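There are 2 protein chains.
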Amino acid sequence: MERLKITALAGGVGAAKFLRGLIKTVPQEDVTIIGNVGDDLELYGLHICPDLDTVMYSLAGMVCRKRGWGLEDDTFNCLSMLSRYGLETWFKLGDKDLATHVYRTYLLKSGLRLSRVTSELCRRLGLRVKILPVTDNRLRTMIVTEEGTLSFQEYFVKKMCEPKVLEVFFDGADEAEPAPGVLESIMNADVIIICPSNPILSIQPILAVKGVREALQRSDKPVVAITPIIAGKAVKGPTVKIMRELGYAASALTVAEFYRDFLEIFVLDIRDRGLKSVIESLGLKVSLHDTLMRTPEDEIRLAKEVLNATLNPSNP
Amino acid sequence: MERLKITALAGGVGAAKFLRGLIKTVPQEDVTIIGNVGDDLELYGLHICPDLDTVMYSLAGMVCRKRGWGLEDDTFNCLSMLSRYGLETWFKLGDKDLATHVYRTYLLKSGLRLSRVTSELCRRLGLRVKILPVTDNRLRTMIVTEEGTLSFQEYFVKKMCEPKVLEVFFDGADEAEPAPGVLESIMNADVIIICPSNPILSIQPILAVKGVREALQRSDKPVVAITPIIAGKAVKGPTVKIMRELGYAASALTVAEFYRDFLEIFVLDIRDRGLKSVIESLGLKVSLHDTLMRTPEDEIRLAKEVLNATLNPSNP
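Chain order of the listed sequences is A and B.
Numbers in the numbering used here are just positions in the first sequence, counted from 1, shifted up by 363.
Numbers in the numbering used here are just positions in the second sequence, counted from 1, shifted up by 363.
Just chain A, with the same shape it has in the complex (with noise of 0.2 Å):
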């Protein structure tokens, strides 16, 4: 195969899986990946990045595989002390992970930007790919539910996404602007992959920063989207839930419609290979494939099958 720029939007954990197939398959120096930093939030003074630091540490072999995010093998004796002072510990910081944020904090707080910091980390891990924050600037994916309006992560972990959703906005999404690098990345790639990544949650908040949503509309290169839902289910995540509460249908239509003024091909599961016409008539193609990924070989296969798909839409 000859080399290619890659470009991917990305959130958490389903993005992370898709992403580690896709270094696996092409050289880590030539994927820049836009991750999400709406559901960023600050916990006793520190700078927590948890969609940026769940694709760094999977793709640097380090993830937790059994939950996903956090790091393998970490102890959670810092949090218990934390308790001991009487603060909040919903959100499970593991020992190691908080290093990341110690050292993160202390960047950003000796004037660093986000996207310096994130490289730094990176680096530091010896991962070659690029992560992007999309925006330097302060981002927050915002919760409006039947209890209040909540953060992300507040109604994520600590309410566990049980209250009603009644609307989403990004808090500082008119004012955010694109981290350096983010719109060239897009406007020179060779491909544009949003990843199988909730769209209202985690690819919205995204897709919000001045000039993204432009810079995809505006590139002639294929944009492909892998479903996130499969068989009107989230792989993971409260994606399903969301949709209905805000009145879209549970379905991978509804991820395609999101995305059509920007999309050229469309990734749908051989579960919902009912769904092909419909998403065909939003004028996508749609290319079907196994996207469930329960194992790295299948992390692997459907990156492939993905990048093959799109440099070869007539084939699918």
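Because the hints were derived from the structure by calculation, they are not lab data.
The reader is advised that the hints may include incorrect statements.
[Stated by the list, open to error] Listed below are the simulated DMTMM-like cross-link pairs for lysine to aspartate or glutamate, each with C-alpha atoms no more than 20 Å apart in a straight line: (1) B:K472 - A:E451; (2) A:K472 - B:E405; (3) B:K472 - A:E405; (4) A:K472 - B:E451.
On a predicted model such as this, the values are computed, not experimentally measured, just so you know.
Knowing the structure of chain A, use the given hints to seat chain B on it.
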């Protein structure tokens, strides 16, 4: 025994052992500890107070008995990850210990002064004793050595006290104001105790703060110091080495001389009884005790003996 207000000047491990005995002898509420902050450091943006923490952890029954500092049953996983990020990790931060520094830094950044923060940490750990940093301002014990000028922890931990000491000074001492309650606790005390700590590195930085030495001199209540040197050797740490390098005799006599302007009673170790008369010639009362604290029982016995000797100086 009648209730007495006791104020103690304290360094780290040696002081903590004595104080642990003291609070098993008198009600915690009656004890105010003025702690050294000259060995404080900032690491990875975290504000660390090793001496204050050693005292706090010891009195809360949480200190690692074997090391004398840090927390019992702690792990060092965050530190190993910080090392993976390429950071210096000569200062041995445990995972549980880290919670203290994270929370302290968080409270300091939110605008609280160190004395308030310390009081909050103590309260959360269930302590009723009052631990006061001698100052809320920045004060740093600096060690001028043949290898350059080092902060206390660089000298003590990183360089393992190896470089020859030429001079010790207290950066910031001229501007440092005593923390709220420090001078009052000396003026209102019925007994003032100088704990068995390094006089140069642990007690001097306390005495260097504006008004502290003067308050001790003005007090008409007994001021008693317990020797940190037994038979020409420090129980722990580099006291003797530093004394020699700075041109002092490595002897309990030197310690007594340091404090003679405000001291009434010097607690000398029985192994040094030969020094009794020369120390008495400084105008001090000398009380002979077994000052070596190997067991919790030793700590309590010494605390009782010191209080008894101070209140009944005629019965040594």
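Restraint check for A:K472 with B:E405, where alpha carbons must lie at most 20 Å apart: 13 Å, holds
Given the hint that B:K472 pairs with A:E451, does the C-alpha gap stay at or below 20 Å? Answer holds: B:K472 to A:E451 is near 18 Å, not above 20 Å.
Proposed proximity, B:E451 with A:K472 (alpha carbon, max 20 Å): Distance ~18 Å between A:K472 and B:E451 Cα, so the pair holds.
For the pair supplied as a hint, B:K472 and A:E405, is the alpha-carbon distance within the 20 Å limit? 13 Å, holds
Hint compliance for this structure: no hint is broken.
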